[in-house]
Amino acid sequence: MVSKITDKILSEIKEWQSRFLESIYPFVFMDCIHYKVREEGRILSRATYIIMGVTTEGYKDILSITVGANESAKFWLGMLNDLKNRGVKNVLFFCVDGLPGFKEAIQTIFPEAQIQRCIIHMLRNSFKYVNYHDLKKFSADFKNVYNAPNEGIAWDELQRIKELWGTKYPYAIQNWETNWEDLSSFFQFSDEIRRIMYTTNIIEGLNRQYRKVTKAKSVFPSDISLEKMLYLASQNITKKWTQRYRNWDRVLSQLILLYEERLTQYL
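Going by numbering that gives the first Met the number 0, the residue at position 123 of the sequence shown is 122; the numbering climbs one at a time, nothing skipped.
Think of the hints as simulated: they come from the structure by calculation, not from any bench.
Cβ atoms here follow ideal geometry from the backbone N, Cα and C, with glycine treated the same way.
It cannot be assumed that every hint is accurate.
[Claimed, not checked] The calculated label-pair distances, taken between Cβ atoms and stated as ranges, are:
1) E14 to E162: 51 to 61 Å
2) T241 to Q16: 18 to 28 Å
3) T241 to P169: 42 to 52 Å
4) D133 to E111: 17 to 27 Å
Please work from the sequences and hints to get the whole structure.
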């Protein structure tokens, strides 16, 4: 009965998934959460791909929710093409975790966009290789990297940490050096912009709200039922997004100074 009632919103979901988007988003966040779905008598893992943007007015918006098979560059490529087909011409920054396929897909569809890897996720990944007794000191040393006033000082601090800890925990440092190009974008900005882009907490917060809504459902009977629940949850969540980012006028002014041609043609 519930399924039959909620089936009435399928056309509404389709319209929402294909709605026209804004021409430019200064920041776009991408992430993925997994659910169990029943298919032909088997229980399979389904990846739910979520794309969230920040508009030029400073408001959050859920751009896309798609249920798919497994995380891959091919799937992300399709989702980014979908954004482009729905009117997105430009993105300044993609803020992402280090999930497979992100970078390749972004560079193919939005080659001008910069990529910012989540600093919090990088720290967690590094901490996995550090002994518990060293963790507090190691963590304190790393604050000098991501709190540095500019990229040059941040790199010097990373090399200092390498001298201190590199022999004992080589991979914890190497991971930062390998991904430095995608970690260092935010250093060119003030604290207002850094707070927006250096972590994917904004989309993780959205995912936590999805999990809260879906926690009573250990297995979904189909992909469609999962999509329906996430869509209805999204409508309730976005109703509460009435406040724009703090100090957005200053954020936008800085972005215009740096990316005037790309931004002003769409404002």
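Comparing the hints with the structure gives:
1. E14 to E162: 51 to 61 Å: With Cβ atoms ~57 Å apart, the hint holds.
2. T241 to Q16: 18 to 28 Å: 23 Å, holds
3. T241 to P169: 42 to 52 Å: Cβ of T241 to Cβ of P169: about 48 Å, so the range 42 to 52 Å holds.
4. D133 to E111: 17 to 27 Å: Given range 17 to 27 Å: violated, Cβ gap about 41 Å.
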